[in-house]
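Asks: Turn these sequences into a full structure, and let the hints steer you where they fit.
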Amino acid sequence: MVQATLSREAAPSPASNVDTTVETFRFMLLARVLDEKMANLYRAGKIHGGVFLGRGQEALSASLGVSLRKGDVFAPLVRDTAGRLAFGEPILDCVRTYLGSVLGPMRGRDGNVHRGRPSAGILPMISHLGAMISVVNGALFAKRAAGVQDAVGATCLGDGGMSTGAFHEALNQAAVERLPLVLVVANNQYAYSTPNRHQFACTSLLDRARGYGVAGQAVDGTDLTACLNALRSAVVAARAGQGPQLVVASLLRLCGHGEHDDASYITPEIKKSAVGRDCIAVAEAQLLQADLATRPALAGLRAECVAAVEQAVATVQREPAPDPFAEQWQALSAAHLLDTTQES
Amino acid sequence: MSITYLEAIREAQARALAEDPRVFIYGEDVGQFGGAFKATKNLAAEFPGRVKDAPISEDAIVGFAVGAAIEGMRPIVEMQFADFSTVAINQIVNQAGTLFWRTQTPCPIVVRMPCGGTSGSGPFHSQNMEAIYSHYPGLVVVTPATVEDAYSMLIEAVALNDPVIFCEHKLLYYHLKAEKLPTEALPIGKARIAREGRDMTIVTYSAMIHEALAAADELEPEGWRVEVVDLRSVKPLDTDTVMASVARTGRLLCVGESWPWGGVTAEVIARVTSEGFALLDAPPQRLNSKDTPVPYHPSLWAAHRPTGHSIAAAARRVLRQ
Ligand SMILES: Cc1ncc(C[n+]2csc(CCOP(=O)(O)OP(=O)(O)O)c2C)c(N)n1
Ligand SMILES: [Mg+2]
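Just so you know, the protein sequences line up as chains A and B, in that order.
Take 596 as the starting number for the first sequence in my numbering and just add one per residue.
Take -6 as the starting number for the second sequence in my numbering and just add one per residue.
In case anyone wonders, no lab produced these hints; they're calculated from the structure.
These figures come from a predicted structure and were not determined experimentally.
We put the beta carbon where it would ideally sit given N, CA and C, even for glycine.
Don't take each hint at face value.
[As the list claims (entries may be wrong)] Quick list of simulated restraints, FRET-style, between CB atoms:
id : chain 1 : residue 1 : chain 2 : residue 2 : range
1  : A       : Asp918    : B       : Pro229    : 51 to 59 Å
2  : B       : Ala295    : A       : Thr935    : 20 to 28 Å
3  : B       : His128    : A       : Gly640    : 33 to 41 Å
4  : B       : Lys170    : A       : Val771    : 52 to 60 Å
5  : A       : Gln744    : B       : Thr300    : 47 to 55 Å
6  : A       : Tyr860    : B       : Asn83     : 27 to 35 Å
7  : A       : Pro713    : B       : His128    : 26 to 34 Å
[Unchecked claim] If the Cβ cut is set under 10 Å, some of the chain A residues that face chain B in the computed set are:
id : residue
8  : Ala639
9  : Ile642
10 : Arg702
11 : Gly706
12 : His709
13 : Gly753
14 : Asn767
15 : Gln768
16 : Thr789
17 : Thr798
18 : Ser799
19 : Tyr860
[Unchecked claim] A few chain A positions that, by computed beta-carbon distances, are all more than 10 Å from chain B:
id : residue
20 : Thr615
21 : Val730
22 : Ala741
23 : Ser828
24 : Asp873
25 : Ala903
Replies: Structure (structure tokens):
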């Protein structure tokens, strides 16, 4: 049954289905609550720049996060609050990066979803779509060269990001090197405003797995049980040396591209279709039906999530902003090689 | 009636589409959605089939434009952000930039690049690319600082037979307004005196014009009259106008929002010192952003780029020499 621990050092090995399903759901819910809080802060004018939510994609993202373990490499993308939390990223990292706290992992230099901790295996995304995949490949190559046999690397992409040359180059590269890469694609039907029909002409994005000689599976991204099965098996296969694994999930972004976007281009038909289901509601029904949770327990869990998020925000709001005079304006680690000009 | 910098860009594209059937617009989300910044708002409806959504494939977007240009069309490409043009740099510099020189076939494409920093945008949605593209042969690089120039230079860019990198500054999109669209304009390649003065010259371009004008205001009560030259196009660079201004003032400060190494400010100073050394009463100076990626937090961002105050401080140093 649902317990009160909301974050952990590293993903536990999935002891049983029961624990993992509930555990995964907890991360989904925590991510939803955290995302909603960031959106509220944005509307209140407390966040500079954009806010990007994973609403509707939590089941997929959390399932990936819980399937990975310490020692793996994870390069989350824009809608992976849930997967980050499940992989072990503290709530504070998210809040501090959005609010620009100097104590956060990015120290106010980068913001919102552009955060990570390379030393903890979380690679910090750059905005350029598709660019993280080959970086994960390189990390996996290095681990292999160092004699680490059982580390997996995972990264995420959208339907739109799959049109980049970077994606095609990197998936082919992973296949040639037979790397333990798990590439999770959230086909949420749109890339910003652009619908799938203007993005690609193949019947299924999964066709691309075959094109590069890698294993692929499709999954209903709104269904927690299905996502857990798909992601667990993909990670297990990669870990077992079966080469790159492509997972393509169908779902819908249940929000704007960012919070500035009202997403009026998403058609009512698609919202009412199967991909438009809210994965949180689907998962709750699954948990109740399987007797893995009760309604009061779910309500309690939500309250715990809200409390944890509120506490993190209250903490960060008291933290200092970066001070431009104390800032080290230094983009090289070798300080003696910095190129100095007289000005400024 | 008033019109913003962004609306001027939209109006210029509407006019280009209306006047020339060879013109089309291609880019991510530019169709029905009207673009991430709404620079193509309603154009897909007004010009059916001529304002096309592209897959997220910047390299292929620019390659496609070059191919269409070879066949006689006049594509306008919208990069969603200038920063993403790095993905297309191969097609821009090696394809578009070399075509005429290699084959005498013109390459009339315009690549619109929403550039420049806005607070909270961070390292990948704030970059200025004019120095990179100016470095390569075969490209015209323009940096409009006013509503009028945004309009007239975009119209002229579409009519030109060469590839034009059109650097439009996001900070100017909504706030900069004019009463009406211009009916006549300086051509691309000519700089403009944005403010007359006699004590020193500040040469700059794009959004930094407005910071330089603020600096000139700040210095006026101190008795200094600062001339501000708006380069308008950084390649070609109107050395004559710069040199004539320096001949009047004897002092030069070059300001750019880009990074300090090389770039437009270094180019201007190199030209003035090598061709007009005797005109100078003090060593020319330049002011750029700091040599780090563009930071996210507003307080870091504001310290990273030149501002009215930091330009005024740099100008005082030049004036006191
Ligand atoms: C190379 C590149 N081009 C353009 C962009 C601007 N951009 C950011 S997100 C986005 C849409 C992404 O769609 P998709 O990959 O389907 O992911 P989703 O937002 O739907 O999760 C675009 C065009 C970018 N980040 N990178
Ligand atoms: Mg998408």
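Asks: All hints are to be evaluated individually against the structure, with a verdict given for each.
Replies: Outcome of the hint check:
1. A/Asp918 / B/Pro229: 51 to 59 Å: violated (42 Å)
2. B/Ala295 / A/Thr935: 20 to 28 Å: holds (21 Å)
3. B/His128 / A/Gly640: 33 to 41 Å: holds (40 Å)
4. B/Lys170 / A/Val771: 52 to 60 Å: At 55 Å between Cβs, range holds.
5. A/Gln744 / B/Thr300: 47 to 55 Å: holds (54 Å)
6. A/Tyr860 / B/Asn83: 27 to 35 Å: holds (31 Å)
7. A/Pro713 / B/His128: 26 to 34 Å: holds (32 Å)
8. Ala639: Cβ of A/Ala639 sits 15 Å from chain B, so the hint is violated.
9. Ile642: holds (8 Å)
10. Arg702: Holds, about 9 Å.
11. Gly706: holds (4 Å)
12. His709: holds (6 Å)
13. Gly753: Cβ of A/Gly753 sits 9 Å from chain B, so the hint holds.
14. Asn767: violated (16 Å)
15. Gln768: violated (17 Å)
16. Thr789: holds (5 Å)
17. Thr798: violated (16 Å)
18. Ser799: Since the shortest Cβ distance to chain B is 16 Å, the answer is violated.
19. Tyr860: holds (6 Å)
20. Thr615: At roughly 34 Å from the nearest Cβ of chain B, A/Thr615 sits farther out than 10 Å, so the non-interface label holds.
21. Val730: holds (15 Å)
22. Ala741: For A/Ala741, whose nearest Cβ neighbour in chain B is about 29 Å away, the distance exceeds 10 Å, so it holds.
23. Ser828: Given that every Cβ of chain B is farther than 10 Å from that of A/Ser828, nearest at about 29 Å, it holds.
24. Asp873: Given that every Cβ of chain B is farther than 10 Å from that of A/Asp873, nearest at about 25 Å, it holds.
25. Ala903: A/Ala903 is indeed farther than 10 Å from all Cβ atoms of chain B, at 25 Å.
Hint compliance for this structure: hints 1, 8, 14, 15, 17 and 18 are not met, and every other hint is.
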